[in-house]
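**Q** Based on the sequences and whatever the hints tell you, model everything.
Now for the letters of each chain:
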Amino acid sequence: MYRSHVLVCGGTGCTSNHSGELIEALEKNIKEKGLEEEIKVVKTGCFGLCALGPIMIVYPEGCFYSEVNVDDIPEIVEEHLLKGRIVKRLLYKETVEAENVKPLSETNFYKKQHRVALRNCGVIDPENIEEYIAYDGYAALAKALTEMTPEDVIKTVIDSGLRGRGGGGFPTGRKWSFTAANKADQKYVVCNADEGDPGAFMDRSVLEGDPHCIVEAMTICGYATGATEGYVYVRAEYPIAVQRLQKAIDDARAYGLLGKNIFGSGFDFDLFIRLGAGAFVCGEETALMTSIEGNRGEPRPRPPYPAVKGLFGKPTTENNVETFANIPQIILHGAEFFNTMGTETSKGTKVFALGGKINNTGLVEVPMGTTLREIVEDIGGGIPNGKKFKAAQSGGPSGGCLPASLLDIEIDYDNLVARGAMMGSGGLIVMDEDDCMVDIAKFFLKFTVDESCGKCTPCRVGTRRLLEILEKITSGNGTMEDLDRMEYLCKYIKENSLCGLGQTAPNPVLSTYQFFKDEYIAHVVDKKCPAGACKDLVNFEIIPDLCKGCTKCARNCPVGAIEGSVKQVHTIDTAKCIKCGACIDNCPFKAIIKK
Amino acid sequence: MVKKISTIPFKGTPDQKAQLDAVIAECKDDKSQLMHVMQEAQGIYGYLPREVQVMIAEGMDVPLEKVYGVATFYAQFSLSPKGEYDISVCLGTACYVKGSQQLTDKISEILGIAPGECTPDGKFSLEECRCIGACGLAPVFTINGEVYGKITADDVPGILAKYMND
Chain A
67 MYRSHVLVCG GTGCTSNHSG ELIEALEKNI KEKGLEEEIK VVKTGCFGLC ALGPIMIVYP
127 EGCFYSEVNV DDIPEIVEEH LLKGRIVKRL LYKETVEAEN VKPLSETNFY KKQHRVALRN
187 CGVIDPENIE EYIAYDGYAA LAKALTEMTP EDVIKTVIDS GLRGRGGGGF PTGRKWSFTA
247 ANKADQKYVV CNADEGDPGA FMDRSVLEGD PHCIVEAMTI CGYATGATEG YVYVRAEYPI
307 AVQRLQKAID DARAYGLLGK NIFGSGFDFD LFIRLGAGAF VCGEETALMT SIEGNRGEPR
367 PRPPYPAVKG LFGKPTTENN VETFANIPQI ILHGAEFFNT MGTETSKGTK VFALGGKINN
427 TGLVEVPMGT TLREIVEDIG GGIPNGKKFK AAQSGGPSGG CLPASLLDIE IDYDNLVARG
487 AMMGSGGLIV MDEDDCMVDI AKFFLKFTVD ESCGKCTPCR VGTRRLLEIL EKITSGNGTM
547 EDLDRMEYLC KYIKENSLCG LGQTAPNPVL STYQFFKDEY IAHVVDKKCP AGACKDLVNF
607 EIIPDLCKGC TKCARNCPVG AIEGSVKQVH TIDTAKCIKC GACIDNCPFK AIIKK
Chain B
52 MVKKISTIPF KGTPDQKAQL DAVIAECKDD KSQLMHVMQE AQGIYGYLPR EVQVMIAEGM
112 DVPLEKVYGV ATFYAQFSLS PKGEYDISVC LGTACYVKGS QQLTDKISEI LGIAPGECTP
172 DGKFSLEECR CIGACGLAPV FTINGEVYGK ITADDVPGIL AKYMND
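In order, the protein sequence lines correspond to chains A and B. The numbering of the first sequence is the working numbering, which starts it at 67 and goes up by one. The numbering of the second sequence is the working numbering, which starts it at 52 and goes up by one.
These aren't lab readings, by the way, just hints derived from the structure by calculation. The structure presented is a predicted model; accordingly, all values stated were derived computationally and were not measured. There could be a bad hint or two in this list.
[Said to hold, decoys possible] Calculated pairs, DSS-like style, for lysine-lysine (alpha carbon to alpha carbon, straight line, at most 30 Å):
#  : chain 1 : residue 1 : chain 2 : residue 2
1  : A       : Lys601    : B       : Lys55
2  : B       : Lys213    : A       : Lys521
3  : A       : Lys380    : B       : Lys79
4  : A       : Lys313    : B       : Lys82
5  : A       : Lys177    : A       : Lys159
6  : A       : Lys249    : B       : Lys82
7  : A       : Lys583    : A       : Lys660
8  : B       : Lys55     : B       : Lys133
9  : A       : Lys512    : B       : Lys157
10 : A       : Lys375    : B       : Lys117
11 : A       : Lys594    : A       : Lys521
12 : A       : Lys94     : B       : Lys213
13 : A       : Lys512    : B       : Lys133
14 : A       : Lys601    : B       : Lys54
15 : A       : Lys593    : B       : Lys157
16 : B       : Lys201    : A       : Lys159
17 : A       : Lys178    : A       : Lys454
18 : A       : Lys94     : A       : Lys221
19 : B       : Lys82     : A       : Lys326
20 : A       : Lys601    : A       : Lys521
21 : B       : Lys201    : A       : Lys645
22 : A       : Lys512    : B       : Lys174
23 : A       : Lys454    : A       : Lys512
24 : A       : Lys454    : B       : Lys201
25 : A       : Lys538    : B       : Lys54
26 : A       : Lys645    : B       : Lys213
27 : B       : Lys201    : A       : Lys661
28 : B       : Lys201    : A       : Lys601
29 : A       : Lys661    : A       : Lys642
30 : B       : Lys55     : A       : Lys512
31 : B       : Lys157    : A       : Lys645
32 : B       : Lys55     : A       : Lys538
33 : B       : Lys201    : A       : Lys453
34 : A       : Lys154    : A       : Lys168
35 : A       : Lys660    : B       : Lys201
36 : B       : Lys201    : A       : Lys178
37 : A       : Lys106    : A       : Lys313
[Unchecked claim] To be clear about the criterion: a stretch of chain B counts as covered by chain A if any three or more of its residues have a C-beta under 8 Å from a C-beta of chain A, and this derived list gives those stretches:
#  : stretch
38 : 126 to 140
39 : 172 to 183
Backbone N, C-alpha and C define an ideal beta-carbon position, used for all residues, glycine too.
**A** Dropping the structure here:
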């Protein structure tokens with residue numbers, strides 16, 4: 067028995083912030099004090115509040131220490147773990163109220179969250195199968211194999227209302243039933259962990275924080291659909307996730323939870339990992355399967371759907387990581403546990419990766435139907451530096467921007483699609499008044515042009531032409547006819563591309579054009595970038611009243627574009643200026659502005 | 052995706068070839084392992100020059116054009132050698148809105164190379180990558196896998212100096 071547990075986040079965010087060194091220092095200090103029999107250090111998955119990493123929680127008190135440094139460790143061990151005195155200066159300030167430590171669940175960041183897919187992340191040691199089992203792990207698999215028929219399992223998943231969390235939102239149970247209905251000598255289960263949407267990292271966190279739940283869910287899916295082999299296709303950029311998942315698979319095999327005759331039921335199932343190699347299009351299900359087969363990851367036309375002819379030409383069920391992460395809870399607690407949360411058409415919870423211009427960057431899981439305002443203002447803690455909210459980008463390169471006027475919409479699949487955005491995998495990037503929406507559209511288009519696999523012409527050529535129009539606009543050479551051509555081209559690419567990548571590629575352009583038309587017109591007609599982000603349309607100016615003639619700007623200008631003598635007002639030669647911003651950064655009087 | 056093909060002469064060692072042969076021997080009966088073999092080969096040689104692609108094609112008994120096709124399709128495979136210090140700036144959305152483009156510009160300015168290039172002395176190479184998933188620390192870049200987060204362009208010279216004097 068340990069009297070105290072210290073949970074240290076071992077997710078990618080905190081690991082990048084050196085949480086591994088914290089664990090080493092903790093173990094060393096605990097040993098020096100002779101406390102190793104009394105205190106256990108546990109490396110867990112992601113707690114979600116990445117902005118404050120590295121994070122550790124000490125139980126039973128539930129003290130949430132944030133932004134911990136290696137130098138703080140001796141004090142924590144000496145004061146807190148040895149003498150029982152909490153190190154107040156390191157506590158997350160929201161957890162301190164009138165000298166008392168408030169439970170984490172009462173802080174703004176966690177209060178409105180409801181964790182189903184992430185329930186074990188930051189709670190258990192992901193590399194210890196026994197901790198997973200202690201938290202009801204593999205109980206759902208046992209229930210499915212010993213008490214339920216495959217039809218019961220599928221019915222439960224259908225009744226739960228779970229829809230695919232990878233972006234499409236197709237009902238998961240129906241997908242399973244299609245594969246189950248096809249007879250074949252071999253069927254497969256595939257888990258899509260090729261999280262290519264930049265700005266989304268929930269799948270990585272699930273794999274890092276709770277890998278066994280994916281092993282369990284895929285095995286249940288195999289039982290329900292009649293498959294005996296599964297593949298997890300993970301991005302090679304996620305080394306921690308790959309290593310923990312491999313350990314989970316090895317441990318599950320050793321415990322008889324994978325392999326032959328699981329739970330004595332006569333059901334066989336085994337799992338393998340395949341690494342992606344950095345291609346966004348491989349998130350599309352047919353492209354992903356082509357990639358697992360060892361080919362260029364090009365999509366192929368559907369039908370035939372994977373349920374008929376999928377991986378290696380056999381019936382295959384493919385789901386995303388977060389979708390699978392919900393399955394064990396649904397099987398264990400029944401469909402009603404899940405379908406009583408959420409909205410009419412979107413049940414359960416959704417994980418969002420909050421990023422960009424927001425105070426609490428990190429992972430949040432909320433019931434479907436939570437408003438954008440609650441996520442941004444209450445959970446996310448608002449916009450830093452007193453700036454104003456301009457838009458939230460949801461759904462990555464396939465999604466759209468939601469402006470401030472839509473802050474009060476309830477977020478679910480259909481509400482987002484109706485407004486030109488989409489759920490996507492759940493990346494939610496917040497932008498403030500300094501972000502130019504035309505520039506953001508251009509950013510996403512560059513991404514799609516890079517990632518277009520080249521198989522079909524509308525996507526390969528169309529997105530490139532679209533990018534050229536945007537570049538023309540942001541460089542100040544656009545015309546009103548370009549805007550019309552842009553809209554036409556968007557529509558054409560959407561209607562004629564082969565796969566989801568091309569069909570959704572114009573969304574960032576269309577949605578920014580819909581909500582921020584003024585900004586496009588300002589670029590085209592006034593040749594101005596209202597946000598001051600497009601270099602070609604911005605000029606630097608010195609405000610005479612504020613300039614003290616200190617010469618600092620002139621000395622820091624790399625191209626000698628600033629003239630003026632000591633104690634005289636300086637001027638910028640806009641013909642020479644390369645708009646690098648060095649003068650603004652160096653002016654002590656804030657006398658230089660972008661216009 | 053356009054890839055730069057290296058003109059630097061191939062300098063593989065017998066030891067590296069033995070390592071690759073071992074990987075191929077293990078995988079050659081399963082053609083779907085081609086990407087795995089190529090990933091391992093890149094780990095052994097640091098990149099995939101034509102000579103290595105030929106070894107893989109012959110060992111796995113697949114056409115060379117297929118190996119080349121796969122190598123040019125995926126961002127991870129490199130046809131030119133990386134620098135001793137491989138710098139990778141994240142251009143995911145979260146990093147982009149927090150100014151990762153300025154980081155790339157600054158690094159380019161200091162090292163005198165554009166993304167996708169390597170310094171003439173072979174010390175540094177620079178590339179832009181898509182989301183490494185450390186969005187909470189945006190903007191980030193990595194040097195040989197070591198993550199530098201919450202960085203501004205002003206921090207860049209100090210960080211690079213550490214490696215330059217090595």
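**Q** Work down the list of hints and note, for each, if the structure agrees.
**A** A quick look at each hint next to the structure:
1. Using a Cα cut-off of 30 Å, the hinted pair Lys601/A and Lys55/B holds, with the two alpha carbons roughly 28 Å apart.
2. Between Lys213/B and Lys521/A the alpha-carbon distance is near 44 Å, which puts this suggested pair outside the 30 Å criterion.
3. Distance hint between Lys380/A and Lys79/B is fulfilled; the C-alpha atoms sit about 22 Å from each other, no more than 30 Å.
4. Taking the CA atoms of Lys313/A and Lys82/B, the gap is near 25 Å; set against the 30 Å cutoff, the hint holds.
5. At most 30 Å may separate the alpha-carbon atoms for a hinted pair to count; Lys177/A and Lys159/A meet this at roughly 15 Å.
6. Restraint check: the Cα-Cα separation between Lys249/A and Lys82/B comes to about 26 Å, which is no more than 30 Å; the hinted pair holds.
7. Between Lys583/A and Lys660/A the CA atoms are separated by roughly 22 Å; this keeps the pair inside 30 Å, and the hint holds.
8. Only pairs whose Cα atoms come within 30 Å are accepted, and Lys55/B paired with Lys133/B is accepted, the gap being roughly 11 Å.
9. For the suggested pair Lys512/A and Lys157/B, the alpha carbons sit about 21 Å apart, so the restraint of at most 30 Å is met.
10. At most 30 Å may separate the alpha-carbon atoms for a hinted pair to count; Lys375/A and Lys117/B meet this at roughly 23 Å.
11. For the hint linking Lys594/A to Lys521/A, the alpha-carbon distance of about 37 Å lies beyond 30 Å, and the restraint is violated.
12. For the given pair, Lys94/A sits about 28 Å from Lys213/B by alpha-carbon distance, which is consistent with the 30 Å threshold.
13. For a cut-off of 30 Å, the pair hint linking Lys512/A to Lys133/B stands: about 24 Å separates their Cα positions.
14. A hinted pair counts as satisfied when its Cα atoms are at most 30 Å apart, and Lys601/A with Lys54/B qualifies at roughly 28 Å.
15. At most 30 Å may separate the alpha-carbon atoms for a hinted pair to count; Lys593/A and Lys157/B meet this at roughly 27 Å.
16. Under the criterion of a C-alpha separation no larger than 30 Å, the hint pairing Lys201/B with Lys159/A is consistent with the structure, at around 21 Å.
17. Of the pairs offered as hints, the one joining Lys178/A and Lys454/A holds, with about 23 Å between alpha carbons and a cut-off of 30 Å not exceeded.
18. Straight-line distance between C-alpha atoms of Lys94/A and Lys221/A comes to about 52 Å, which puts the hinted pair past the 30 Å bound.
19. Distance restraint check for Lys82/B and Lys326/A: the Cα-Cα separation of roughly 25 Å lies within the 30 Å cut-off, and the hinted pair is therefore satisfied.
20. Between the alpha carbons of Lys601/A and Lys521/A the distance comes to roughly 34 Å, so the proposed pair goes past 30 Å and is violated.
21. A distance of roughly 23 Å separates the Cα atoms of Lys201/B and Lys645/A; the hinted pair therefore holds under the 30 Å criterion.
22. For the hint linking Lys512/A to Lys174/B, the alpha-carbon distance of about 29 Å falls within 30 Å, and the restraint holds.
23. Restraint check for Lys454/A and Lys512/A: the C-alpha separation of about 27 Å stays at or below 30 Å, so the hint holds.
24. For the hint linking Lys454/A to Lys201/B, the alpha-carbon distance of about 21 Å falls within 30 Å, and the restraint holds.
25. A C-alpha spacing of about 26 Å is found between Lys538/A and Lys54/B, which places the hinted pair at or below 30 Å, so the restraint holds.
26. The suggested pairing of Lys645/A with Lys213/B holds, with an alpha-carbon distance near 29 Å, which does not exceed 30 Å.
27. Distance restraint check for Lys201/B and Lys661/A: the Cα-Cα separation of roughly 27 Å lies within the 30 Å cut-off, and the hinted pair is therefore satisfied.
28. For the suggested pair Lys201/B and Lys601/A, the alpha carbons sit about 23 Å apart, so the restraint of at most 30 Å is met.
29. Restraint check for Lys661/A and Lys642/A: the C-alpha separation of about 16 Å stays at or below 30 Å, so the hint holds.
30. Simply put, Lys55/B and Lys512/A have alpha-carbon atoms about 19 Å apart, close enough for the 30 Å limit, and the pair holds.
31. Under the criterion of a C-alpha separation no larger than 30 Å, the hint pairing Lys157/B with Lys645/A is consistent with the structure, at around 14 Å.
32. Only pairs whose Cα atoms come within 30 Å are accepted, and Lys55/B paired with Lys538/A is accepted, the gap being roughly 27 Å.
33. A threshold of 30 Å between alpha carbons decides the hint, and for Lys201/B with Lys453/A the separation of about 19 Å falls inside it, so the pair holds.
34. Proposed proximity of Lys154/A and Lys168/A is supported: the alpha carbons are some 12 Å apart, at most 30 Å.
35. Taking the CA atoms of Lys660/A and Lys201/B, the gap is near 24 Å; set against the 30 Å cutoff, the hint holds.
36. Simply put, Lys201/B and Lys178/A have alpha-carbon atoms about 27 Å apart, close enough for the 30 Å limit, and the pair holds.
37. Between Lys106/A and Lys313/A the CA atoms are separated by roughly 21 Å; this keeps the pair inside 30 Å, and the hint holds.
38. Coverage of the stretch 126 to 140 of chain B by chain A holds in this model, with 3 residues showing a Cβ closer than 8 Å to a Cβ of that chain against a need of three.
39. Here the stretch 172 to 183 of chain B counts 4 residues with a CB under 8 Å from a CB of chain A, which clears the bar of 3, and the coverage holds.
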